[in-house]
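Colleague: Numbered per the working numbering, the sequence shown spans residues 1 to 547.
Worth flagging that the hints you see were computed from the coordinates, not collected in a lab.
Think of the CB as a built atom: it goes at the ideal place given N, C-alpha and C, for glycine as much as any other residue.
There may be inaccurate statements among the hints.
[To be verified] Cut-off 35 Å, straight-line C-alpha distance, at most; resulting in silico cross-link-like pairs (DSBU-like, lysine-lysine): (1) Lys73 <-> Lys402; (2) Lys512 <-> Lys435; (3) Lys224 <-> Lys366; (4) Lys354 <-> Lys214; (5) Lys363 <-> Lys417; (6) Lys354 <-> Lys401; (7) Lys63 <-> Lys224; (8) Lys436 <-> Lys491; (9) Lys224 <-> Lys214; (10) Lys115 <-> Lys89; (11) Lys366 <-> Lys63; (12) Lys436 <-> Lys402; (13) Lys404 <-> Lys538; (14) Lys231 <-> Lys366.
[Claimed, not checked] Derived DEER-like restraints, expressed as beta-carbon distance ranges: (15) Gly257 <-> Glu355: 30 to 38 Å; (16) Ala331 <-> Lys231: 34 to 42 Å; (17) Glu66 <-> Asp415: 24 to 32 Å; (18) Glu534 <-> Lys514: 30 to 38 Å; (19) Lys366 <-> Asp233: 31 to 39 Å; (20) Gln127 <-> Lys472: 22 to 30 Å.
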Amino acid sequence: MKDLLLKYYDLTIMVLLFVGLYIILKIINYFKEKNFEKYIESRAFIGRSEKLDIKRDYDIVMKAQELLDFDFKVDSTTFYDLNLLDYIKRIDYSMSTMGASSLYVRTREARPILKDLDTLRYIRENQEETISLMAKFLSFGEIKNKELFTLLKNGIEAKFSFELYVKFYPLIATLVLGLFFVSKISFLTGITLILATNAIITKDISKKTQGASKMLTMLGKFSKLGIDVLKTDLELESIERLRDYKTLLKKINRKTGSFYNKVGLDTDIFYELISTVTLHEAMLFLSIKDLVNENKENLCKLYFILGDIDNEIALSNLYYNLDLVCKADVADKTEDISIEGEELHNPIIYLKDKEESVGNTFKFTKDILLTGSNASGKSTFLRTIGINHLMAKTLGFVVAKKFKTTDTDIFTSIDIKDSIEEKTSYFMAEAKTIKKMIDNPGNIYLLDEVFKGTNTIDRISAASSTLDYLSKQGFVVAATHDIELTNILEKDFCNYHFEEVVTKDEIKFDYKLKEGRAATRNAIRILEMYDYPEIITKKARERSEEI
1 MKDLLLKYYD
11 LTIMVLLFVG
21 LYIILKIINY
31 FKEKNFEKYI
41 ESRAFIGRSE
51 KLDIKRDYDI
61 VMKAQELLDF
71 DFKVDSTTFY
81 DLNLLDYIKR
91 IDYSMSTMGA
101 SSLYVRTREA
111 RPILKDLDTL
121 RYIRENQEET
131 ISLMAKFLSF
141 GEIKNKELFT
151 LLKNGIEAKF
161 SFELYVKFYP
171 LIATLVLGLF
181 FVSKISFLTG
191 ITLILATNAI
201 ITKDISKKTQ
211 GASKMLTMLG
221 KFSKLGIDVL
231 KTDLELESIE
241 RLRDYKTLLK
251 KINRKTGSFY
261 NKVGLDTDIF
271 YELISTVTLH
281 EAMLFLSIKD
291 LVNENKENLC
301 KLYFILGDID
311 NEIALSNLYY
321 NLDLVCKADV
331 ADKTEDISIE
341 GEELHNPIIY
351 LKDKEESVGN
361 TFKFTKDILL
371 TGSNASGKST
381 FLRTIGINHL
391 MAKTLGFVVA
401 KKFKTTDTDI
411 FTSIDIKDSI
421 EEKTSYFMAE
431 AKTIKKMIDN
441 PGNIYLLDEV
451 FKGTNTIDRI
461 SAASSTLDYL
471 SKQGFVVAAT
481 HDIELTNILE
491 KDFCNYHFEE
501 VVTKDEIKFD
511 YKLKEGRAAT
521 RNAIRILEMY
531 DYPEIITKKA
541 RERSEEI
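Use the sequences and the hints to build the structure in full.
Modeller: Right, dumping it as structure tokens:
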């Protein structure tokens, strides 16, 4: 027995070292996760935008949309018109890139993320389990590049020599071993050929695995996160969806774990020899490759299921951190479209600085024309309606005392830009955008300065007829400087306005919505404040009176 122990002394020491290292890493990981939990708990569910300093690349967040074919109800024009990326950044309390991607995609889909607000309450009440999950998502880390998306979307594209040989290697090796009982020379020849071939394959596979190592490491962490999340006692619909992928998660975790446990030894001559003889590394890599390539769509779905779980927890944190919040009432589309708000705020402004945010109260049952001088708040109000409409549809709550809208899509024409590359003028770009509204009846349309890219006569003529048409097929809220439109459309549109207070040195705005059309103008006064020559401002006033 003693001789046997001495004979395998080195091997025993090596095994004990690896077992010891494994235990140490497990202990480190345990305390790391516990530290994350304490870090989160100490902030009492305060979100990332206030306390947690997470460096997040939102280009990566949005890149995830390429993983699956989504039916986006919010087009690119509306997304940028409403500053929805800024909105997403403000309300994003998620612990991971996946959670942020889920929030982005669900916002663009404009469909409910939560079954109801009771889900948020349930998450809040189960604090211990929630904090544990938050720590797991936080420890997963941010996705810093697009390699994981490439892996999930395209699978493992790496190819290497003798792939068919590797798949049939157990059979080939058995046949060669059988030659031992037939012919020693044939046996030695076969063994020599196998070892030579295996050496080439092992070298080739080592190069390929080096290129895929980062992606497979991330995939291993990805599957481990999914398995850990399934251990929770939280009962969420998104977690139930994750259970359907439990077997796949375990397979990926087992294979990627085995792969790196072996590859981690690749500087050892003993391992190199064993790997060359058995082709274990090559067969394991092929096995992972086949598993990933057969489940590309499922892996992409898993990304967003995990993201949904993180996002639901994040939305609970957001909801309970808002000083002003109410459940939104989204009426069925069969009803006439209407929009109603009490102390309704723009979420972007409110979450940036609630002291600077101004709420407005209104009840729109008829199409609306907004007038008012420059910088009085018309465009911001359009965005306030648009963002809260989407917030109501997706989250079920908004920043207001009361908000009611109708379950429709929303289209905007607020911040149109021309394009030199596409040889598109401002007017042409705007015409295309508004044509999309015409082609999508029964929705809410938000427009700012309709057809301002053309002359006054054409602008007023085209704008009045277009707004009249849109009002008959949907619900219009339009801002304009053209007072003439308020007279032309007064039969079908209600007039509201924003106004300013002009003093000797400045112009002040209260950003409060008021009934009726605007009665003040400030453009010439602004020129005077910027010290334009008196000859310009004087003539401007005279001509203004004449017109």
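Colleague: So, for every hint listed, does it hold in this structure?
Modeller: Outcome of the hint check:
Of the pairs offered as hints, the one joining Lys73 and Lys402 holds, with about 25 Å between alpha carbons and a cut-off of 35 Å not exceeded. For the proposed pair Lys512 and Lys435, the alpha carbon gap of about 31 Å is at most 35 Å, so the pair holds. At roughly 54 Å between alpha-carbon atoms, Lys224 and Lys366 are farther apart than 35 Å, so this suggested pair is violated. A distance of roughly 43 Å separates the Cα atoms of Lys354 and Lys214; the hinted pair therefore is violated under the 35 Å criterion.
A threshold of 35 Å between alpha carbons decides the hint, and for Lys363 with Lys417 the separation of about 32 Å falls inside it, so the pair holds. With a C-alpha separation of about 14 Å, the suggested pairing of Lys354 with Lys401 holds against the 35 Å cut-off. For the proposed pair Lys63 and Lys224, the alpha carbon gap of about 23 Å is at most 35 Å, so the pair holds. For the proposed pair Lys436 and Lys491, the alpha carbon gap of about 25 Å is at most 35 Å, so the pair holds.
Annotation: proposed proximity of Lys224 to Lys214 holds, straight-line Cα distance about 15 Å (limit 35 Å). Of the pairs offered as hints, the one joining Lys115 and Lys89 holds, with about 23 Å between alpha carbons and a cut-off of 35 Å not exceeded. Pair hint Lys366 plus Lys63 does not hold up; C-alpha atoms about 39 Å apart against a cutoff of 35 Å. For the suggested pair Lys436 and Lys402, the alpha carbons sit about 31 Å apart, so the restraint of at most 35 Å is met.
About 47 Å separates the Cα atoms of Lys404 and Lys538, which puts this hinted pair outside 35 Å; it is violated. With a C-alpha separation of about 52 Å, the suggested pairing of Lys231 with Lys366 is violated against the 35 Å cut-off. With their beta carbons about 52 Å apart, Gly257 and Glu355 fall outside the hinted range of 30 to 38 Å. For Ala331 and Lys231, the Cβ-Cβ distance of about 41 Å falls inside the hinted range of 34 to 42 Å, so the restraint holds.
Hint check: Glu66 to Asp415, Cβ distance near 25 Å, so the stated range 24 to 32 Å holds. At about 32 Å, the beta-carbon gap between Glu534 and Lys514 stays in the expected band of 30 to 38 Å. Between Lys366 and Asp233 the beta carbons are some 51 Å apart, a value that contradicts the proposed interval 31 to 39 Å. Against the hinted window of 22 to 30 Å, the Cβ-Cβ separation of Gln127 and Lys472 comes to about 52 Å, which falls outside the hint.
When each numbered hint is compared with the structure, violations occur for hints 3, 4, 11, 13, 14, 15, 19 and 20.
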